[in-house]
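S.K.: Residue numbers (my numbering), protein chains in the order written: chain A, 1 to 372; chain B, 1 to 322; chain C, 1 to 536.
Honestly, the hints are just simulated from the structure, not real lab data. Glycine residues also receive a C-beta, built at the ideal position from the N, C-alpha and C atoms. Accuracy of the hints is not assured; some may be wrong.
Facing chain B, from chain C, some residues (calculated, C-beta under 8 Å) [stated by the list, open to error]:
id, residue
1, G106
2, E109
3, K155
Now the stretches of chain C that chain A is said to cover, found in silico as 3 or more residues with beta-carbon under 8 Å [as the list claims (entries may be wrong)]:
id, region
4, 333-345
5, 352-363
6, 377-387
7, 407-413
Derived lysine-lysine pairs resembling PhoX-like cross-links, with alpha carbons at most 25 Å apart [what the hints assert, rightly or not]:
id, chain 1, residue 1, chain 2, residue 2
8, C, K192, C, K265
9, C, K395, C, K345
10, C, K192, C, K155
11, C, K345, C, K383
12, C, K345, A, K222
13, B, K211, B, K134
14, A, K222, C, K383
15, A, K222, C, K395
16, C, K345, A, K246
17, C, K383, C, K395
18, A, K142, C, K345
19, C, K265, C, K463
20, A, K246, C, K383
21, A, K222, A, K246
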Amino acid sequence: MNVSVDLTSRESIPSWLAYGAPIFTIVAALVVTSIPLLWEDLSPLDVYTELFVGTLSDVAGISDVLRIALPLFLAGLAVYIPLKAGIWNIGAEGQIFVGATVCAYIGLNVQLPSYALILLMMVAGGFVAGLYGAIPGYLRAKHDVNEIISSLMLTFAATTFLGYLLRGPMQGSGGQTATESLPDRAELPTQFPLVGEIHPRLHVGVVLLGIAVAVTYILMTKTRLGYEITFIGANPEAAIQAGISKYRIYIISFFFGGFLAGLAGVAEISGVYGRLFEDFSPGYGFTAIAVALLGRNGPFRVLLAALFFGLLRAGGTTVSVSFQVPSALVDIIVALVILFLLAAEFLKQYRISVDLERESEPETSPGTEEPV
Amino acid sequence: MSLLSGIAESTVRLATPLLLAAMGEVVAERSGVLNLGVEGMMLSGALVGFAATAVTGSAVIGFFAGVIAGMSLALVHAFLCVSLKADQVISGIMITLLGTSLTTYFGQSWTGENIDGFSTIAIPALSEIPVIGKALFAITILDYLALLLVPVVWYLLFRTNIGAEIFAVGEDPETADTAGVSVFRIQYACVLIGGAFAGAGGAQLSLAFTKFWTSEMTTGIGWIAVALVIFAQWQIWRVVVGAYLFAAIDALSIRSQGSVDGQLLGQEVLTDLVNFLINPQVMETYPYIATILVLWYVMRQGNLNELGAPRAMLQSYSREQD
Amino acid sequence: MINTDTILELDGITKRFDDVVANEDIDLSVRRGEVHGLLGENGAGKSTLMNILYGLYSPTDGTIRFNDKERSFSSPEDAIEAGIGMVHQHFMLIPRMTVLENVVLGERESPEGVASVNGIAGSVLGMFSRGRETPRERVESLAEEYGLAVDPDAKVWELDIGERQRVEVLKALYRDVDLLILDEPTAVLTPKESEQMFQTIRQLVDEGLTVIFITHKLWEIENMADRVTVLRDGRKIDTVETESVTQGELAEMMVGREVLIRMDKEPVEPGDPVLEATGITARDSRDVRTLSGVDVTVHEGEIVGVAGVSGNGQRELAECLFGFRDLENGSISVRGEDLTESPPKRFIEAGVSFVPEDRYEHGCAPELSVMHNSSVKDYRNGKFEGTAGLLDYEKMETYSEGLVEEFDIRGVSSVTETEAGELSGGNLQKLILGREMNQEPNLLIANQPTRGVDVGAIENIRKLMLEQRQNGTGVLLLSEDLDELLDVSDRILVIYEGEFVHETRPEETDKWELGMYMSTGESPAEENAQVIEEIQ
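So here's chain A without its partners, still in its complex pose (with noise of 0.2 Å):
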């Protein structure tokens, strides 16, 4: 007996797969999960409860979601334009950085009153990392180098830098790798016009989330930038004889990218640390490719991928304290929700049959071509 696997690519998805899939990765990375905290003795249940629930049930731990999903949101839009152009930008970490490093500069070396010098920072911020990110869209176009290796080498020489920056010209005073506190007038502030103080962690930087999801989709949805976007991104052959420049699109999109990516940066920096150091990212810019690939239907779906991470980081911070489990568990989750999403993919593009009798060859929808 002959024993095959007959793999079919769906013409459409059915709508209990489209809907169902990022359910069914949470779920199944949530039970993977389990085994490391039976493993130290705990409830996944309590865990899980304390996580979610408990994080959402108080004003500090809604206001700790929300920063956090801030760059997390941010930093994702930088992953999903260029996406939706067809090209990775998998240097959004690189991009915080610059973007952070610029604000800290200026922060601490431009006099200003603290509105101007805030709009500076994040203008400067956003612009230098978004120059930095046009770089891999640049190489991408005019030489077809891989954009995906490039803004990952990116990234590791921005981080490094910063490094040599820690312990050269921008290094504090007491011996800390680190910059000098920013003055007050350079920090975003807790008070929102009208409503005032919500939470003393919630800076005003969060409106930042309304703004970008909203600029994103007039962008995307409203603009001729976004449609060609959306065109190039789609089918690059039948856009450039639309008369479309992929070059141009490449280099634009790779550039709001950075530019949003660097406000991460300049929020983190400017509303949460207060000055700059090494590790203040932890791994924002990594995550945030989840978060585009989770949100990849949209800009609002980019946000609630993004507040569903913040809400894991936040509640992971509490649980690690309050169970006494290393705060790492919540990247595991973060790793296994993706790690399952890309083999829920697979299920979405292929019907999977397994015959017993009848000899049957796997098909597949040609893959996008990746230059190097």
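Got chain A sorted already, so can you dock chains B and C onto it with the hints?
M.R.: Chains B and C alone, transformed into the frame defined by chain A:
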């Protein structure tokens, strides 16, 4: 003199994990599968190797446990990328995240413990040679092993039938398939070899180099290995040179003061520039920048028949319907 | 020396890809030691059939008997094992490996001395060693025996096309095949290289091999094949002895289509030239020169038809005239404006509309909505201008709905929800044509606009082109459908191997004559003369 031999010694030791991981990555990428999970696989090799050594008291058992740990994560990567045709980049990065977080989680209880690990084996007479003597002839068995594996991997890739098949699969799986080569088996095997080497590299760190465990102890060596493979354009001998070059930069950055006194050519600007360029932290960015420059140069000069990545890297293959 | 011993018997082979039937109920019987021609147009199902035989595809239905045994090949490995070799149309060679490495790939040759080790030890040794001398000698002797001269140590990327083909043949011979399938072996060869190829084939047959020879060139069949099987639209038309048919009969079997539609064409006086292209020379994506110095002029209100068997440079011509492919040489001007080396955007601005050959790959973004796809030529011209310079998607939606209505595009439940890729070929084509015609173009370039489209849609599409002509648009229509060309064109050019070999008017010619030009590149009379010459 002692400064130089010190630098030489730590260059060799620092090069070992890098060399191992990069050789494994060459094998995997030559079959067309990019593995960005090296860092995670190294960490799991380091922790599992350390824990197994601490429990059994045998560094050899620990080493093999580390190798197996690396292979287990590689198996996940192979399953996702080869069987399920998932995106190699995402899978690899998430495997690094998984390896990092799992080892941080489970490694907590091992932090602060010590083991004997592998001790150095000095070859009489040869190890007395000035400067390079201690570096090359008074090292641990794992350092010797890494060096010994260089010709082995080279032979496998360039002088055997299986090596030709690996190359063919990485260049054009369809053609390999029509010639009767099993793309599936080759890619699985190569990814697993990559995982084994990464695990071995990680185990070397915790068993022969530091002899303790601390979370994220690989400090990005896995990523440098990925860069190194591109830098070396998938050639084994260049990987060796690159590994020692990158390790030497690291060794220098630990030991050197990193400054030139006085004025160079009477130009203060020039002195500042040189001091900037040889600053240890600045030098740590070189591997990454060099990799981009190499990649850019290769794509620019155009003849990808001589250099360049395996053609089918990042593409998943199954018999395609026209 | 006709041998009636059958080596291969295909019975009722059917292959479906999703809903598309590529092969339907095909029987094929091949005699040992013959050259069996497989003739048909592109898309007739020749390659699919042979890929099934070679184990790359498995048939939906039907059986294969080879060397008196029923076979089912699940991979090329099985087919090779059974004694079937295939030289693919696009070469299956690794450019960065040497000739020798390519030839022995997958064979696991061991060096002298260990080659005799059997069992597990032998197979392990086979993996982890490499034999060079014996295979090299074998390759060299095969090369000499069959006149396939090629340096075994050269890298394949350094070889020219003819040499690469020889490597492909060597690869098959090295594996001791009984039956060799050659898929359009001369498609990429120069005439001289083709002649060499034929000599090789003759030698192969003399040595007892059986050859299946896929082609769409009639004179090759005439010259090479003992028998020929003609396929059309995935079905077998007939198998005949080559000597018993004329080229004309074969041409009719291959391209013959029933006349489906008659269009009423009103006379239009051609105006000024809209397109003037001279000396167009270009290479295809494999870097083979497929256009050598072509001149074409299209006037206002004129439909110029380009007839040719697919793969003779039509695609490159169409793409060059739209700025999508780089010219090696030549110049293009549209309404007097020089557009040589301009990007597609400039052509669009000059009023050139383009209907590409491949609807799904070049004509649309299949995953995007009908709305996106219907507006891609209009989104930047202000038609959907909204407030503050934004795009007004509601206008776009309305426009798209209008287009769907006007051009009778079926299967669209909502222009924003329905994806272009979900439409049938004919409806997608109407969408593309509608989008292009709404530009009110000066020049319309349409490459195979009715291929793979149902009868109703064909009629629609032809009507639309005639309407454009009425409005003064110049149309360049590249088609393999002779009825279509004869029906709608004012002037017909025949393209053969990258050159125009004949120019005529529909009323001065017929299908048969065009078919001969298309498949031989020469006029029927000359061709007969040549055949007579060759027989002598």
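S.K.: Is the interface hint satisfied for G106 of chain C? The criterion is a beta-carbon contact with chain B at less than 8 Å.
M.R.: It holds, given that the least Cβ distance between G106 of chain C and chain B is near 4 Å, below 8 Å.
S.K.: Measure nothing beyond the straight line between the CA atoms of K265 of chain C and K463 of chain C; if it is 25 Å or shorter, mark the hint as holding.
M.R.: 9 Å, holds
S.K.: At a Cβ distance under 8 Å, does chain A reach at least three residues of the region 333-345 of chain C?
M.R.: Since 3 is at least three, the answer is holds.
S.K.: Mind checking, does the region 377-387 of chain C have 3 or more residues with a CB under 8 Å from chain A?
M.R.: holds (count 4)
S.K.: Once the shortest beta carbon distance from E109 of chain C to chain B is found, is it less than 8 Å?
M.R.: It holds, given that the least Cβ distance between E109 of chain C and chain B is near 7 Å, below 8 Å.
S.K.: Quickly compare the C-alpha distance for K345 of chain C and K222 of chain A to 25 Å and report which way the hint goes.
M.R.: 22 Å, holds
S.K.: Is the interface hint for K155 of chain C satisfied, with its Cβ closer than 8 Å to some Cβ of chain B?
M.R.: 7 Å, holds
S.K.: Is the Cα-Cα distance between K222 of chain A and K246 of chain A 25 Å or less?
M.R.: 20 Å, holds
S.K.: Please verify whether K345 of chain C and K383 of chain C have alpha carbons no more than 25 Å apart.
M.R.: 17 Å, holds
S.K.: If you look at each residue in the region 352-363 of chain C, do at least three have a Cβ nearer than 8 Å to any Cβ of chain A?
M.R.: holds (count 5)
S.K.: Starting from K211 of chain B, check that the Cα of K134 of chain B is at most 25 Å away, please.
M.R.: 19 Å, holds
S.K.: Given the proposed pairing of K383 of chain C with K395 of chain C, does the C-alpha separation stay at or below 25 Å?
M.R.: 8 Å, holds
Going through the hint list in order, the structure does not satisfy hints 7, 8.
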